[in-house]
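If you want the building blocks of each chain, they are given just below.
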Amino acid sequence: MSSDKVLLDYGSGGKASQRLISELFIKNFANPELERLNDAAAFHIDGKISMSTDSFTVDPIFFPGGDIGSLAVHGTVNDVAMLGAIPKYLTCAYMIEEGLPMADLERIVISMSEAVKEAGVAIVTGDTKVVPKGAIDKIFINTTGVGQIIADPMPSGDRAAVGDVVLVSGTMGDHGLTILGTREGLSLASNVMSDSAALNHLLVKLVQEIPDIHVLRDPTRGGLATTLNEITTASNVCCELEESSIPVKPEVVGGCSFLGLDPLYLANEGKFLCILPQKYAKQALEIMRADKLGADACQVGTITDAKPGKVILVTPLGGRRLLNMLEGEQLPRIC
Amino acid sequence: MSLKILEQFKNPDLCKKLLDRLDKEVESEIRFMEVCGTHTVAIFRSGLHSVLPEKVIHLSGPGCPVCVTHESEVNAFLDLAGKDNVIIATFGDLIKVPGKKGHCLKNAQAEGARVEIIYSPFDALDIARKNPNDTVVFLGVGFETTAPIIAATVLMAKEQGLTNFKVLSFHKLVPPALDVLISDPETCIDGFILPGHVSTIIGIHPYDFIGAKFGKPAVVTGFDPVDILQALLQMVRSMKEEHPKVINQYQRCVSENGNPKAIETMYQVFKPSDALWRGIGRIPSSGLEFRDEYEDFDAIKVFDLKIGECPSLPGCKCGDVLKGKMTPEQCPLFGKACTPAKPVGPCMVSTEGSCAAYFKYKVD
Chain Z
13 MSSDKVLLDY
23 GSGGKASQRL
33 ISELFIKNFA
43 NPELERLNDA
53 AAFHIDGKIS
63 MSTDSFTVDP
73 IFFPGGDIGS
83 LAVHGTVNDV
93 AMLGAIPKYL
103 TCAYMIEEGL
113 PMADLERIVI
123 SMSEAVKEAG
133 VAIVTGDTKV
143 VPKGAIDKIF
153 INTTGVGQII
163 ADPMPSGDRA
173 AVGDVVLVSG
183 TMGDHGLTIL
193 GTREGLSLAS
203 NVMSDSAALN
213 HLLVKLVQEI
223 PDIHVLRDPT
233 RGGLATTLNE
243 ITTASNVCCE
253 LEESSIPVKP
263 EVVGGCSFLG
273 LDPLYLANEG
283 KFLCILPQKY
293 AKQALEIMRA
303 DKLGADACQV
313 GTITDAKPGK
323 VILVTPLGGR
333 RLLNMLEGEQ
343 LPRIC
Chain B
133 MSLKILEQFK
143 NPDLCKKLLD
153 RLDKEVESEI
163 RFMEVCGTHT
173 VAIFRSGLHS
183 VLPEKVIHLS
193 GPGCPVCVTH
203 ESEVNAFLDL
213 AGKDNVIIAT
223 FGDLIKVPGK
233 KGHCLKNAQA
243 EGARVEIIYS
253 PFDALDIARK
263 NPNDTVVFLG
273 VGFETTAPII
283 AATVLMAKEQ
293 GLTNFKVLSF
303 HKLVPPALDV
313 LISDPETCID
323 GFILPGHVST
333 IIGIHPYDFI
343 GAKFGKPAVV
353 TGFDPVDILQ
363 ALLQMVRSMK
373 EEHPKVINQY
383 QRCVSENGNP
393 KAIETMYQVF
403 KPSDALWRGI
413 GRIPSSGLEF
423 RDEYEDFDAI
433 KVFDLKIGEC
443 PSLPGCKCGD
453 VLKGKMTPEQ
463 CPLFGKACTP
473 AKPVGPCMVS
483 TEGSCAAYFK
493 YKVD
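Going down the list, the protein sequences come from chains Z and B. Using my numbering, the first residue of the first sequence is number 13, and each one after it goes up by one. Using my numbering, the first residue of the second sequence is number 133, and each one after it goes up by one.
In short, the hints are calculated from the structure, not lab data. Note that beta-carbon positions come from the ideal geometry of N, C-alpha and C, so glycine has one too. Among the hints, a few may not be true.
Claimed, not checked - Example chain Z residues on the side facing chain B (calculated, C-beta under 10 Å, incomplete):
| id | residue |
| --- | --- |
| 1 | Met107 |
| 2 | Leu329 |
| 3 | Gly330 |
| 4 | Arg333 |
| 5 | Gln342 |
Claimed, not checked - Once the Cα atoms are required to be at most 27 Å apart in a straight line, the calculated BS3-like pairs of lysine-lysine come out as:
| id | chain 1 | residue 1 | chain 2 | residue 2 |
| --- | --- | --- | --- | --- |
| 6 | B | Lys474 | Z | Lys322 |
| 7 | B | Lys433 | B | Lys290 |
| 8 | Z | Lys145 | B | Lys474 |
Same shape as in the complex, but just chain Z (with noise of 0.2 Å):
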């Protein structure tokens, strides 16, 4: 490119433009249907579709473990696969500030375009706008994907069942704490890094393999703990979980007890919990455990009747206590 920052006249809709998308994006995102640079993208999908948007804000866009670009990915590709489907294709839309550096801007394409080889989608469609100096933070990325749903039942937040086990695919509250930690320049442990990844080809395996997986679900933002609140509500079902069989590295124990976080509350973006009869269990978490992204699968709680809608926590010691919905963002304290 002419210049080493992106300036307004890139997303002009003119030459410059023109120069961006061929050079950079179509270079990196090559496939005969992006390149055909119609209005719009043209593709089969037969069956039930799965689909999700998201938009990517996320502060540094540059981070242990992974950066803005691969997390746009990872992060639809992953919300599409939770419905027991094979993600297919994505959108992807820019939002960039002007003048942030061009090497940045190479690199954050260059790592998506990886991130989108290794889920196996492609990139059809895009939009590119440029917009003054402190509208926005660097850049915005907003990514839409659809996919084939080939789950049959469909997995779904309303279907958790009393008798079924709560699986999860790994430690809890990496992605949260890299980010945190890495926003507010603390040195934490040198391997707290994201786990940002795409679980699309494990979870297929799973729905391919297990016959009725009831819930597939993220623990995005609000972690681990908003995320199973959304299912027993959804469900009207109480989940108890053990607390002493819930992953989390010591680091990001250590870490979280620095800030006063909860790792429970903390995003992820590379894990997945799986709800589904106990007959199953051994066999997904054989599954899950086979794969490098659910290495450290295991059993964190069932799904009973005790309180529809709570999630109960049991310590260790043997104490019950709710695991409530976070109210807004996790604050660290006075003291």
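Following the hints, put chain B in place on chain Z, whose structure we already have.
Here is chain B on its own, set in the frame of chain Z:
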């Protein structure tokens, strides 16, 4: 101290043994107060609240710095947040505390006020350096735990000639408030669990009066379940003594005389003053104000703020909750008009407030 050793303070088997012992040694109903909000949260989060023997009744005290911040002080934050060229720097848990008409710093921020959430008061100095045309006001709320580091920040600002950094000192001191609380004939507390982190600064002797003047047992303790249970057991045993003395359960962090350097720094910048406590009122020598030689950093003087009595929130029983006269659930507003989404009083808004803890953690 290694993480492995620290893990022992959460050991469930040890906790079960201590619970059994506690159950055996408590002869009749006892009411204990944990003064500190961090203890309140620890008691709920660990599930201790639900497994304590029924005879052991748990009350929360005035040890959450957000909860005891007076309405007039919150209003002062809000007045400052509306001024041109002022940046408010604060720890996160103050931004949702409601002041007049339910307004809070978070609303003020949405209306254009510049409010920065920081993790250390030294971060406020960075903000001041980067914004030389603005005045950065750090909200100095907290107890003896945070006051020394804020005093150190003031000393650094003075040394560096940073003139656009100010502190609104609404610090509170724990021992004078406890004295007032125990002197109240309506309070009925048998023993106290005292905040370990305050004692890392002040040591244990400022609490000697609890035994000497009131004949009540008091234990300075840490924040893990084993700490709290051992402290309760020590408290129960101490109740049987004729002249109970303050006990230091938290010896791994607290020395008898605390941290003299921190105390010296705190009193180099600040001096004791009367302070307003939410729900309790004015308590002599229970706050910290700037010494004359540091008055250039005093936001109250620089902005000529008037901090005085103002009407309490109608119906709010936070004062009675802070004094252990009622549990949060006995307040008629609890969980109805007052929830974390729409808090009436500070005990519901603070992450360490007892009402918020009951609402957030209690199963039944």
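Structure-based check of each hint:
1. Met107: 22 Å, violated
2. Leu329: 5 Å, holds
3. Gly330: With Cβ-Cβ at 6 Å, under 10 Å, it holds.
4. Arg333: 4 Å, holds
5. Gln342: 8 Å, holds
6. B:Lys474 to Z:Lys322: Answer holds: B:Lys474 to Z:Lys322 is near 20 Å, not above 27 Å.
7. B:Lys433 to B:Lys290: 17 Å, holds
8. Z:Lys145 to B:Lys474: 36 Å, violated
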